[in-house]
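Student: Turn these sequences into a full structure, and let the hints guide you.
Protein chains: 2
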Amino acid sequence: MREVALGIDIGGTNTAFGFVDRKGNCLYEDTIVTQTHEDVDLFVKEIYDKVQKSIKKLDDIKLIGIGVGAPNGNFYTGAIEDAPNLRWKGVIPFSDIFKKYFNLPVFLTNDANAAAIGEMIYGGAKGMKNFIVVTLGTGLGSGFVVNGELLYGHDGFAGEMGHIIVTPDGRQCACGRKGCLETYVSATGVKRSVYKLLADNLEESELRNIPFNDLTAKMVADAANRGDKIALKTFEHTGRMLGEVLANTVAITSPEAIFLFGGLAKSGDLIFKPTKYHLEKNLLNIYKNKIKILPSGLDDNAAILGSSALVWKEHDRKS
Amino acid sequence: MREVALGIDIGGTNTAFGFVDRKGNCLYEDTIVTQTHEDVDLFVKEIYDKVQKSIKKLDDIKLIGIGVGAPNGNFYTGAIEDAPNLRWKGVIPFSDIFKKYFNLPVFLTNDANAAAIGEMIYGGAKGMKNFIVVTLGTGLGSGFVVNGELLYGHDGFAGEMGHIIVTPDGRQCACGRKGCLETYVSATGVKRSVYKLLADNLEESELRNIPFNDLTAKMVADAANRGDKIALKTFEHTGRMLGEVLANTVAITSPEAIFLFGGLAKSGDLIFKPTKYHLEKNLLNIYKNKIKILPSGLDDNAAILGSSALVWKEHDRKS
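These protein sequences, in sequence, are chains A and B. Heads up: the first sequence begins at 1003 in the working numbering, then just goes up one per residue. Heads up: the second sequence begins at 1003 in the working numbering, then just goes up one per residue.
Don't read these hints as lab results, they were simulated from the structure. Warning: the hint list may mix true and false statements.
Copies of the same chain look alike in the list, so a pair counts if it fits in one copy or across any two.
Straight line, CA to CA, 25 Å or less: simulated PhoX-like cross-link-like pairs of lysine-lysine [what the hints assert, rightly or not]: (1) K1231 <-> K1275; (2) K1059 <-> K1047; (3) K1275 <-> K1294; (4) K1180 <-> K1292; (5) K1180 <-> K1290; (6) K1275 <-> K1180; (7) K1320 <-> K1131; (8) K1294 <-> K1180; (9) K1278 <-> K1292; (10) K1315 <-> K1131; (11) K1292 <-> K1091; (12) K1290 <-> K1091; (13) K1055 <-> K1025; (14) K1268 <-> K1231; (15) K1268 <-> K1198; (16) K1064 <-> K1047; (17) K1220 <-> K1278; (18) K1220 <-> K1235; (19) K1102 <-> K1315.
Note that the structure is a prediction, hence the values are computed from the model and not measured.
Tutor: Below, the structure written as structure tokens:
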């Protein structure tokens, strides 16, 4: 019997899920559209039906638990609480609904926390007890591991580095406030910085031909790699903002390493170089030249791996 | 036999020590001048001799361990590392020296961490698993308790909130950088803010008659309580700076409570009101109206209590 965990990543558009063994091998994966069902129960049932079918096809596997990564997922309550991008409003007791169908232990947290646990169980943070994972997607998420455990805080909502205010009265944030880090450091933040730089400067740039709604962070990275000055300045600015906040964050948790995860992290040196430079420049002496800034060690299926890792983390604790 | 811990607080000027029982009763206390001996061994021996004498006088006590709070004290190594205010330079293996004399378990950390453990064992944080203690003295120290454990970080140096940079290119800090929180929020920070406000404004103030070197934070608090406008503005400004950084810090560790400890915290509403106001104003929605801002529950002998608490924390873990 091969033991596997079911990892489920609930996104605003799609929900991906699959079986993952202790070593991080993904034995099966599938996707459904997240917002088809008005009734959450039917959403969970759709996953349940697909999983049951695939269990029958696979030889000799034993499902030992379910890990769910979801926006506003709360580890303590097992609920998704007021997620702005999901159609189910209020507090949805997701873990309970999954338990009803599967009759297995269910662990739920937000996607950035799941990424951090994934990094610890399968990725570059194996054996580390103090590190940070920063997920750079549409927004900026973060998961903190401290003394070998995920930092959930008093209410389950610790680790919202994206909502550190870096510029009082700065850019409008979806959270209703202004100047949050994720309005500068994220795929969306990069787009906003491009437009700010295009407004402030007269330099020619291929990005002057692209409407805001069509622009992607990948296009900005490609332009930077072709030597476009506005694109290069954008990445320098983004890395500076990130490096400065990381330096302040290190003064709180003093991690061994910081992992950058997600689309923007794939732009390589464009984001890593200025981030490292401005991190080191702003660190208190006692922390200098100690902290690794690394790309995530999770490749394909990272979201499923991260969610499934929640199960192995609890499993390892018991055994 | 009554079990007691020996708590030792090493300060730049004096070193205070005493016996404390599990309930926080201080059975004996004494003080020596920190910098008398060039040889650290003789410093420890002076404490040892005094402690031995007092053990003989007290009836029926059993010393179970030693807790030391010291500037730049590292819990992991038991050493004091490059403390700028002590005459012993480099890395001093304090725990080892104490063990040589006392043959007992020795736990050493910095003073702010000791205050946090003290708050958890004897003070207002009993039963709390996630909270922050901010010590407001000459500088600003902080201790973070997370999942019921002190947050030491990878290298033992976590919890330096005083060195979060709040104003790029701001006030010069003793750490060699600029704009650190403690240059604004501390007894010294208050003095500097008074002088800044006296320079920027024309308002009359009793503080215009006091030279910088004679001014104390207590004098500023007294002036504020008499209605002095510059003094009032100083506290408003100090509380705003602290509240804003606390709001960002909450987004990382999501604590149940934040305790303010030390001289400045004793100025009551003058510091608590603006701090609370600006904390709440700057919090991300999910954290609003959840976090208590409280005065430390440790009164007299707070430094000795904090240091001794390190022993009880480890003792409780084993039993």
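Student: To test your reading of the hints: which numbers does this structure violate?
Tutor: none
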